[in-house]
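**Student:** Residues per chain are reported as follows:
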Amino acid sequence: MNEHVDLVTAYGDTRGDGAVQLSFTLPVTSGEKARQAALILAAKMGLEEPRVVLMDPIDPTFTYFILYGRTRESLDFSSIQVHEAAYEIMAPEEINRFIRETFGRKLVVIGACIGSDAHTVGIDAIMNMKGYDMHKGLESYPEIRALNLGAQVPCETLVARAMEEKADAVLVSQVVTQKNAHLKNFTRLIEILEAEGIAERMVLIVGGPQVTLELAKELGYDAGFGRGTYPEHVASFLVQELAGRKTKRG
Amino acid sequence: MNEHVDLVTAYGDTRGDGAVQLSFTLPVTSGEKARQAALILAAKMGLEEPRVVLMDPIDPTFTYFILYGRTRESLDFSSIQVHEAAYEIMAPEEINRFIRETFGRKLVVIGACIGSDAHTVGIDAIMNMKGYDMHKGLESYPEIRALNLGAQVPCETLVARAMEEKADAVLVSQVVTQKNAHLKNFTRLIEILEAEGIAERMVLIVGGPQVTLELAKELGYDAGFGRGTYPEHVASFLVQELAGRKTKRG
Amino acid sequence: MGELNLSEAEVGRAREAAARIAADTLAEIEGKTTVAVERAVLRLLGVEGVTQDGVPWSNVVVDDLLSRDLLDKGAAVWFVRARTADGGSPEDTARRMVRGEVDYGSLPRVEPEDLRGRMRSLAREGLDRIDRSRSVREERLAELGRGREPLRYLIVATGDIHEDAIQARAAARGGADIIAVIRHTAQSLLDYVPEDGSIQGVGGTIANRGNFRVMREALDEVSEELGRYIFLTNYCSGLCMPEMAVLGAQERLDVMLNDSMYGVIFRDINMVRTFIDQHFSRALLARAGMMINTGEDNYLTTSDAFEKAHTVLASQFINEQFALKSGLAPGQIGLGHAFEISPKLEDSFLFELAQAQMVRQIFADCPVKYMPPTKYMTGNIFQGNVQNALFNAVSVLTDQSVHLLGMPTEALHTPHVHDRHLSLENVDYVFRAIRHLGEDIVFRPGGRIETRASNVLDKAVDMLEEIAGMGLMQAISEAMFADIARTREGGKGLEGVVAKAGDYCNPIAELLWEERALS
Amino acid sequence: MGELNLSEAEVGRAREAAARIAADTLAEIEGKTTVAVERAVLRLLGVEGVTQDGVPWSNVVVDDLLSRDLLDKGAAVWFVRARTADGGSPEDTARRMVRGEVDYGSLPRVEPEDLRGRMRSLAREGLDRIDRSRSVREERLAELGRGREPLRYLIVATGDIHEDAIQARAAARGGADIIAVIRHTAQSLLDYVPEDGSIQGVGGTIANRGNFRVMREALDEVSEELGRYIFLTNYCSGLCMPEMAVLGAQERLDVMLNDSMYGVIFRDINMVRTFIDQHFSRALLARAGMMINTGEDNYLTTSDAFEKAHTVLASQFINEQFALKSGLAPGQIGLGHAFEISPKLEDSFLFELAQAQMVRQIFADCPVKYMPPTKYMTGNIFQGNVQNALFNAVSVLTDQSVHLLGMPTEALHTPHVHDRHLSLENVDYVFRAIRHLGEDIVFRPGGRIETRASNVLDKAVDMLEEIAGMGLMQAISEAMFADIARTREGGKGLEGVVAKAGDYCNPIAELLWEERALS
Ligand code: B12
Ligand code: B12
Ligand SMILES: Cc1ncc(COP(=O)(O)O)c(C=O)c1O
Ligand SMILES: Cc1ncc(COP(=O)(O)O)c(C=O)c1O
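Line order of the protein sequences matches chains A, B, C and D. Count along the first sequence from 1, then add 281; that gives the number in the working numbering. Count along the second sequence from 1, then add 281; that gives the number in the working numbering. Count along the third sequence from 1, then add 1; that gives the number in the working numbering. Count along the fourth sequence from 1, then add 1; that gives the number in the working numbering.
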């Protein structure tokens with residue numbers, strides 16, 4: 282393992298040791314048999330020398346385990362393909378200048394937290410004046426008209442409003458992911474947008490703490506942003522994407 | 282998964298959800314590529330829907346990850362065979378009575394922490410008067426002559442002393458396990474005992490926080506005791522084992 | 002903990018202003034009722050069950066009366082008159098009413114006194130049922146006793162009440178004193194109570210009678226097992242707030258999250274609707290001997306805990322006054338606050354200590370509920386355990402009454418069974434280790450902590466007096482709480498607000514207020 | 002933190018008794034030297050390197066002299082006389098000595114003054130080298146500055162110095178101020194320093210010149226990168242204690258674990274041997290301007306932290322006196338104590354707070370080193386982080402100088418790279434969050450904390466006066482420290498103790514004591 286420069290695996294205190302920490306609960310009574318069960322599960326996950334370092338009875342029917350072991354697995358780091366949204370991050374001023382020069386008009390961006398999700402802090406962080414962590418939101422961009430519909434917006438309302446405002450981009454937030462609620466809502470929205478035949482016309486962007494670019498693409502969106510996103514990231518992607526489309530259309 | 286009564290897997294908040302938490306460090310620079318690498322490793326460990334919930338740069342060359350996912354694996358709990366040392370735990374008085382009645386003499390037990398290991402708290406907990414956690418040690422048993430040689434005892438010294446004392450049992454502790462130091466020492470001791478041809482004559486017991494019965498058996502010892510052992514556990518096993526051998530020899 | 006030296010005068014001014022704010026707001030809504038209040042009344046008069054398409058009878062009856070512009074007299078009036086006319090079961094009457102089989106124009110005339118009498122005797126039965134479950138609670142508490150303060154409050158939120166019950170039992174065995182079943186994400190915006198055995202919840206579990214019973218049973222069972230009464234919490238909020246109060250009271254829930262403004266601010270429910278609903282709901286909760294938990298903690302998720310600490314205090318004064326005006330005793334008023342300060346801030350622990358101690362002193366007779374860090378929790382579940390440890394320390398140092406256990410996985414998912422287990426271990430250790438530290442140390446007069454507390458108090462006084470001037474509804478529309486603005490005409494449920502007619506009657510409210518002294 | 006009200010008188014009595022204890026012990030060993038001391042002297046006189054079978058020349062020469070019963074005059078005498086006779090390199094002389102090519106009986110006669118002069122000039126060169134590395138440290142410190150107290154002390158212990166270096170850099174970048182390379186488990190019982198590039202360590206890494214250099218370089222590099230001088234720690238203990246002092250001083254280590262009794266109690270090294278070795282070693286460390294860390298924390302791993310708290314304090318007084326008598330300045334004396342109280346104990350935090358504050362006050366000029374919970378750490382790495390959080394809190398509250406970071410995995414393995422990362426985050430947050438709490442709170446006079454502190458102090462005084470009566474060696478044989486008993490004649494290394502002849506000479510010691518004032 283140590284030989285190959287680009288073969289990587291987990292590291293505890295020695296290159297290639299594969300040290301991994303694991304924890305889970307089994308719905309069984311604590312005891313020697315339970316301990317064995319935990320070791321078997323760890324072994325099935327490919328851990329060598331698995332060790333149960335904690336077996337804690339939660340109650341007579343559940344036992345919590347913490348384990349350490351060494352994974353046999355490793356991977357060729359050099360071969361990893363990340364499809365990162367191909368855009369450079371620009372500063373707000375740049376973005377505004379770019380908009381003026383490229384489009385010669387204000388861009389209209391409409392955003393909402395759809396379904397029954399009331400977590401607006403995320404979308405507010407991107408869209409509102411105040412912004413997030415000292416990074417001002419899209420509202421503060423002179424060349425962007427930012428409309429934030431807020432929490433619990435039905436997909437229909439969002440789409441209708443987007444059409445009437447001739448939005449250049451739709452920004453959607455989903456924070457509640459339990460029972461994959463976010464996937465259901467994202468899917469529902471894209472279906473409506475396609476039904477209305479406007480999915481192509483607008484740049485569709487999703488975000489949320491558990492959103493990744495891959496996920497967004499899978500669902501048919503143009504981009505997805507997760508934890509720690511700043512407004513300028515979104516704006517940079519947006520203007521570059523729109524510029525790209527403009528030239529394509531020629 | 283839910284159907285089968287004895288098929289068990291990890292439990293987060295719903296039977297059969299397979300929820301598992303994982304953490305490890307990869308020797309790579311933090312970033313999207315690193316995140317992918319962590320996901321790949323988790324996938325190779327058989328996790329479905331793996332999620333990186335923390336990607337923390339430790340320094341430019343190491344990145345720490347915490348992940349959650351669902352294991353596909355499950356196991357048949359009913360089929361698990363535990364070879365637990367077959368003995369009942371007796372109270373100190375019982376043990377002493379049993380010794381008087383069965384052997385009609387004091388048993389000699391000699392113990393030590395071998396090699397360069399200086400962790401005596403464990404062996405002291407088993408052998409010394411004071412004991413551990415309110416459970417008095419073997420020294421307090423009228424029918425047991427307990428000799429604790431203490432820390433860093435060379436294997437040779439222990440064996441020589443055991444022979445000269447005609448010990449019925451040898452108790453060995455190993456706490457330092459790094460680089461498998463404990464395995465080396467345990468193996469070395471058993472070899473010497475066998476060379477001296479006394480391995481059969483005495484009950485050989487090992488212990489330490491990372492000692493398990495399986496391990497002890499593999500290495501050729503009669504029993505192994507781990508975390509949370511009390512003196513009476515060891516004594517109970519010992520007297521029952523000796524009684525067994527006595528009858529065998531007839 | 003040694004007492005903070007706080008100006009009595011300032012505290013007095015704050016209370017006085019808050020009392021004015023509550024009074025003025027109640028005056029504004031005096032002449033109005035809501036569909037939710039009327040549905041609650043019907044339920045207490047015996048209208049239960051659902052239509053074959055699963056809509057509660059209380060809903061269809063009230064909607065029908067609303068569509069006929071008859072609701073202004075109060076649902077009770079029509080229901081009782083209709084019943085007298087036929088004398089069938091409450092459900093039969095309801096069915097006939099909505100089938101249009103009742104000709105409201107030509108209902109047999111009843112003497113007003115007579116009608117009032119019948120309404121009151123039905124209402125009395127309704128309240129008796131609540132009183133009974135209240136006394137059951139009191140008996141069990143007397144028999145089993147309760148945990149030691151700070152009470153350990155844990156949440157379950159699997160979305161499936163049976164899974165919740167399993168986890169609640171495990172939590173209780175691990176030391177929980179109070180179990181809160183977090184409510185399905187979308188429920189608070191439903192203008193009806195979903196029928197029993199209905200859908201899987203998301204981010205929480207459906208709240209309805211059936212589910213209340215499942216959990217109550219599970220907790221009674223484990224209470225017996227442990228010899229400690231385990232309290233049950235749910236939400237008295239959203240568009241069905243008054244009905245939740247009824248169901249909770251009937252099914253012997255012990256605690257309910259109930260805030261005079263949360264729905265307005267965080268669920269965009271119309272404010273007039275909310276103020277009416279909360280006023281009536283709280284009177285019911287008071288009667289049922291339940292504890293409410295207010296939601297000031299939520300403000301700190303959208304606004305900064307350091308900058309806006311005074312808005313929490315101001316809101317607590319307001320919630321206190323609304324509660325008292327509904328007949329809740331101080332001992333029933335669980336005011337909420339939270340450890341939401343940024344961990345990046347130097348001396349953050351001192352500021353939280355100041356806030357917690359101040360709240361404890363100012364609301365000495367209220368069972369203050371302290372909420373854990375949530376907003377600044379991250380995917381680092383190891384560090385999360387440390388953040389919770391300092392939160393636990395402040396709680397036991399300042400001797401809070403109800404302690405909501407923070408989860409290391411707060412930023413990730415609703416709790417897994419072992420998340421609670423780890424949090425309970427954390428709390429056990431920290432509470433034990435510093436149990437009497439509070440008694441052993443004294444605040445340096447004029448020190449950082451004391452100064453911080455007085456500043457927050459002063460700002461709260463200013464804010465309350467400003468609000469007293471402009472009115473609470475205006476204050477909300479100026480985003481004075483949580484940095485979120487709502488308009489008087491905006492929000493959900495306004496269509497459910499109805500102006501009372503001169504001969505409007507709500508027999509339940511009548512009895513509740515007449516008998517307030519009793520509760 | 003407000004000061005604890007402790008009796009000055011009692012503290013005075015304790016110091017006075019400890020001074021007597023140290024003086025009496027030193028008087029007992031006055032007339033003796035050890036093979037380790039003589040080896041250290043030879044090294045300082047220039048005898049370096051190893052034989053082809055890897056044994057250090059200093060060892061073979063001293064063993065040879067011992068076997069010839071010549072060591073009682075001191076190795077320096079013979080070495081210098083032999084050298085003068087041939088005048089080759091130190092190594093040549095050494096080789097000739099052990100080959101038996103030196104006829105000690107008929108060495109050319111040298112005038113005593115002359116001999117003494119040569120010994121002293123060689124010794125002077127040896128000390129100059131130490132002084133040079135001391136001034137390098139002082140320059141770098143002046144240039145780069147150091148971290149803020151409590152200084153963050155982290156350990157590396159992979160067994161491989163190159164892996165250690167990688168991890169040390171990562172730790173420094175994460176905020177470490179001091180890096181301690183934990184030593185190979187078996188090394189302290191080796192009566193020689195393993196040659197460079199030798200075996201893989203277990204439970205720690207081999208300590209020798211080569212490895213010291215690798216780590217020193219790594220830390221100097223990262224110190225530059227971070228603009229903060231990172232201190233390096235290793236062990237000045239075991240059978241080679243004096244040689245470790247030499248190597249550490251020459252290779253610019255900054256801190257050394259060095260205790261007057263640890264080796265005796267926990268490594269079963271003979272006590273006479275240890276007392277002689279520590280006395281000389283500390284004089285060298287003093288000269289080199291290094292800080293020592295004593296090992297009282299270890300007592301609490303074998304005896305109970307609550308019951309035996311006074312033994313820690315008593316030992317600190319004794320270590321302090323031994324240190325002063327070797328010429329260490331208070332600022333170089335890092336006394337050790339630890340947060341080892343049982344987490345099951347109610348108010349455990351208060352007792353630790355009392356102990357930590359007391360130690361801080363009593364040894365106001367010493368850079369006290371505070372050790373984390375270890376004994377009661379378990380496989381529950383989440384809860385371990387909580388135990389460490391309370392430890393961190395006491396440390397910053399009582400303003401300790403050196404803070405050894407506890408690892409969540411303490412019960413499992415020597416630290417993994419992310420274990421340190423998590424611990425650094427823990428400390429960052431806790432230190433920041435309660436930074437000025439100490440200034441803001443005052444101990445309630447006569448409260449639990451103050452009472453506890455006085456009780457511990459009283460018991461320590463009694464213990465010290467008892468020991469002063471019976472003598473330290475007797476006290477140790479009665480298991481008065483760590484509940485472990487050792488006899489005067491028992492233990493390893495006694496064979497290496499030699500009675501000095503009338504004309505014994507140790508030129509290094511001479512210069513060290515003559516020039517003590519300077520250091
Ligand atoms: C604040 C909060 C609330 C507040 C919300 C206030 C408000 N107006 O937003 C209140 C108290 C009202 C609340 C209520 C509930 N909450 Co909540 N809440 C949180 C909390 C503590 C913080 C979320 C937050 O504000 N993060 C800060 C923001 C800035 O981060 P962010 O959302 O990730 O956004 C960033 C990125 O994701 C990205 N981004 C986000 N959206 C978008 C959109 C676009 C287009 C782009 C480009 C980028 C982007 O950019 C942002 C800036 O970088 C989390 C726990 C946690 N620590 O995460 C729980 C949490 C999200 N809540 C949870 C739940 C379950 C609820 C409830 C449903 C519980 C209940 N049943 O009552 C309720 C109901 C609300 C509802 N119907 O949705 C769960 C969700 C579990 C899950 N994974 O499904 C969490 C994780 C807590 C938990 N462990 O249970 N909550
Ligand atoms: C106390 C302690 C010390 C003390 C030991 C004092 C003494 N006289 O024992 C001191 C401070 C001296 C010490 C030193 C070192 N220690 Co240490 N120490 C510990 C510590 C904190 C607690 C161990 C303990 O006492 N546990 C309590 C006892 C009661 O539990 P136990 O040993 O498991 O014993 C029970 C069972 O295992 C069983 N049992 C044990 N032995 C036997 C034997 C028999 C026959 C039977 C039947 C049962 C039995 O019964 C006992 C009662 O239930 C652990 C960390 C931890 N929390 O575990 C580190 C630890 C064991 N030490 C460690 C190390 C590396 C060292 C050093 C080598 C470091 C160094 N290089 O300087 C030194 C050198 C000592 C040496 N040469 O061995 C590492 C070992 C890493 C590893 N897995 O290899 C640990 C895990 C700390 C760490 N994370 O780095 N240590
Ligand atoms: C007082 C109060 N009511 C209600 C809720 C949320 O419940 P729901 O959104 O179901 O109304 C909260 C949030 O925790 C709350 O604090
Ligand atoms: C003062 C002191 N010396 C030495 C040691 C252990 O080092 P060794 O066993 O290598 O001598 C310790 C243990 O941590 C210690 O505290």
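None of these hints come from the bench; they were simulated from the model. Errors might be hidden in some of the hints.
Selected chain B positions facing chain D (Cβ under 7 Å, derived; list incomplete) [as the list claims (entries may be wrong)]:
hint : residue
1    : 310
2    : 336
3    : 340
4    : 345
5    : 397
6    : 456
7    : 460
8    : 461
9    : 464
Source: prediction; values computed, not measured. Even glycine gets a Cβ: it sits at the ideal position worked out from N, Cα and C.
**Student:** Now, for every hint given, state plainly whether the structure supports it.
**Tutor:** Okay, the hints, checked on the actual structure:
{"no.": "1", "hint": "310", "verdict": "13 Å, violated"}
{"no.": "2", "hint": "336", "verdict": "12 Å, violated"}
{"no.": "3", "hint": "340", "verdict": "4 Å, holds"}
{"no.": "4", "hint": "345", "verdict": "4 Å, holds"}
{"no.": "5", "hint": "397", "verdict": "3 Å, holds"}
{"no.": "6", "hint": "456", "verdict": "9 Å, violated"}
{"no.": "7", "hint": "460", "verdict": "5 Å, holds"}
{"no.": "8", "hint": "461", "verdict": "9 Å, violated"}
{"no.": "9", "hint": "464", "verdict": "12 Å, violated"}
Violated hints, in rising order: 1, 2, 6, 8 and 9; the structure is consistent with all others.
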